[in-house]
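Chemist: Spelled out, the chains give:
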Amino acid sequence: MSEHDHDHSHDPITADGEPPAAARARALEELLVEKAVVQREDVRRNIDRLVSRSPADGARLVARAWVDTEFKERLLADARAAAQELDLDSGPSPVVVAVENTETVHHMVVCTLCSCYPRALLGPPPDWYKSLPYRSRAVSDPHGVLAEFGLELDEDVELRVLDSTADVRYIVLPRKPEGTEELSEQELAALVTRDSMIGVAQPVAPATA
Amino acid sequence: MTFRAGERVRVAARTHEGHHRTPGYVKGKSGRVERVHGRFRNPETRAYGADGLPERVLYQVCFAQQELWLEARRGAGDTTLVDIFEHWLEAE
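Line by line, the protein sequences are chains G and S.
Note that the first sequence ends on residue 245 in the numbering used here; no numbers are left out.
Note that the second sequence ends on residue 622 in the numbering used here; no numbers are left out.
Same shape as in the complex, but just chain G (with noise of 0.2 Å):
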């Protein structure tokens, strides 16, 4: 019996302690299936490939750029070019714009709206970058937010935030470490994290290089 107000009665929608969003998103896909708008197996396939995508995607681009000035250029110019040289699919967005950070300009990544977030080269977005206090402290209090996350910029770098809201998606080229000069390709793009593609980071270089 529901404990809400109104004239039937019914089982809880939710059970088990199952969260209200995900009964709704299995009532909407029950009754999808039920309508023949899609099959069970093609939401399972979606959500495996969404799932299986990573940020190693993204740190392979970065770490490419970082060795090579004029894939830099390219990625810069056109992101879903750059990635398809390395083979890579950037996902449905049409746009996808790679910003770049330097000495002068940081670039942080949010989508005040919902949660747009460049999955295909970075895997699913972390919780947080979902949650309403990062939705919206991110434009409101950046420099608190960048403060929170341990990343401190100098008085003199102009922030650039980012807010997402419509279909281009963005990437973060973070800042090349000082001290990585004798790394490869491979071992830069294992210093490439997640957060230092959204904007919240900043990639460091190994303790014993």
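What the hints contain is simulated information worked out from the structure, not anything from laboratory work.
Take the hints with a grain of salt, since some may be wrong.
Unchecked claim - Derived CB-CB ranges, DEER-like:
| hint | chain 1 | residue 1 | chain 2 | residue 2 | range |
| --- | --- | --- | --- | --- | --- |
| 1 | S | R571 | G | E223 | 40 to 46 Å |
| 2 | S | Y578 | G | E70 | 20 to 26 Å |
| 3 | S | E547 | G | P55 | 25 to 31 Å |
| 4 | S | E622 | G | E77 | 47 to 53 Å |
| 5 | S | E616 | G | E70 | 36 to 42 Å |
| 6 | S | R538 | G | R80 | 48 to 54 Å |
| 7 | G | D104 | S | D581 | 39 to 45 Å |
| 8 | S | E547 | G | D104 | 48 to 54 Å |
| 9 | S | E547 | G | G215 | 54 to 60 Å |
| 10 | S | E622 | G | E139 | 45 to 51 Å |
| 11 | G | D190 | S | E622 | 30 to 36 Å |
| 12 | S | Q596 | G | Q222 | 42 to 48 Å |
| 13 | G | E136 | S | R571 | 27 to 33 Å |
What the hints assert, rightly or not - Pairs of lysine-lysine residues, derived as DSBU-like cross-links and limited to a Cα-Cα distance of at most 35 Å, are as follows:
| hint | chain 1 | residue 1 | chain 2 | residue 2 |
| --- | --- | --- | --- | --- |
| 14 | G | K71 | G | K166 |
| 15 | G | K212 | G | K166 |
| 16 | S | K557 | G | K71 |
| 17 | G | K108 | S | K559 |
| 18 | S | K559 | G | K166 |
| 19 | G | K108 | G | K71 |
| 20 | G | K212 | G | K71 |
Said to hold, decoys possible - Beyond 12 Å from chain G on every Cβ pair, some chain S residues (computed):
| hint | residue |
| --- | --- |
| 21 | T532 |
| 22 | T545 |
| 23 | T575 |
| 24 | L583 |
Glycine is no exception: its CB is placed at the ideal position from the N, C-alpha and C atoms.
Please arrange chain S on chain G, whose structure you already have, making use of the hints.
Modeler: Showing chain S alone in chain G's frame:
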């Protein structure tokens, strides 16, 4: 109305019943066109099962952080870049 990179624009201050992708914190604010992303289907109709046509030009608009928030804590040069469809923009 179409714009070029570098032009000053203001975001319409109107309300909109239903799904739209113009965040409230930029409504009525003025900024500068940073990039022209191209043409995309209109999410305001696509959200309700329509085809979203005609496509609308999508712009990246750059706002000074101090234009958006009265108490931008630091960084006079800080900016926020928001993707906004042309029918939400007015020439300034």
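Chemist: None of the hints should be skipped; say for each whether it holds.
Modeler: Now the hints, each set against the structure:
Remark: the range hint 40 to 46 Å for R571(S) to E223(G) is upheld by a beta-carbon distance near 42 Å. Against the hinted window of 20 to 26 Å, the Cβ-Cβ separation of Y578(S) and E70(G) comes to about 22 Å, which satisfies the hint. Between E547(S) and P55(G) the beta carbons are some 29 Å apart, a value that agrees with the proposed interval 25 to 31 Å. A hinted range of 47 to 53 Å holds for the C-beta pair E622(S) and E77(G), which are about 52 Å apart.
At about 40 Å, the beta-carbon gap between E616(S) and E70(G) stays in the expected band of 36 to 42 Å. The hinted window of 48 to 54 Å between R538(S) and R80(G) holds, with their beta carbons roughly 49 Å apart. D104(G) and D581(S) have their C-beta atoms about 41 Å apart, which keeps the hinted 39 to 45 Å range intact. At about 50 Å, the beta-carbon gap between E547(S) and D104(G) stays in the expected band of 48 to 54 Å.
Our hint of 54 to 60 Å for E547(S) and G215(G) holds, since their Cβ atoms are close to 55 Å apart. With their beta carbons about 32 Å apart, E622(S) and E139(G) fall outside the hinted range of 45 to 51 Å. Checked against the hint of 30 to 36 Å, the C-beta distance between D190(G) and E622(S) comes to roughly 32 Å, which is consistent with it. In this structure, Q596(S) and Q222(G) meet the distance hint of 42 to 48 Å, their C-beta atoms being roughly 43 Å apart.
Between E136(G) and R571(S) the Cβ separation comes to about 29 Å, which falls inside the hinted range of 27 to 33 Å. Only pairs whose Cα atoms come within 35 Å are accepted, and K71(G) paired with K166(G) is accepted, the gap being roughly 30 Å. About 27 Å separates the Cα atoms of K212(G) and K166(G), which keeps this hinted pair within 35 Å; it holds. Proposed proximity of K557(S) and K71(G) is contradicted: the alpha carbons are some 40 Å apart, above 35 Å.
Of the supplied pair hints, the one linking K108(G) and K559(S) holds, its CA atoms being roughly 34 Å apart against a limit of 35 Å. In summary, the hint linking K559(S) to K166(G) is supported, as the alpha carbons are separated by about 25 Å, within the 35 Å threshold. For the suggested pair K108(G) and K71(G), the alpha carbons sit about 47 Å apart, so the restraint of at most 35 Å is broken. This hinted pair does not check out: K212(G) and K71(G) have alpha carbons roughly 51 Å apart, beyond 35 Å.
Taking the minimum C-beta to C-beta distance to chain G, about 16 Å, the non-interface status of T532(S) holds against the 12 Å cut. Every CB of chain G lies more than 12 Å from the CB of T545(S), the least distance being 16 Å, so the non-interface label holds. No beta-carbon of chain G is positioned within 12 Å of the beta-carbon of T575(S); the least distance is around 14 Å. Every Cβ of chain G is farther than 12 Å from the Cβ of L583(S); the closest lies at roughly 14 Å, confirming the non-interface assignment.
Taken one by one, the earlier hints fail for this structure at numbers 10, 16, 19, 20, listed in ascending order.
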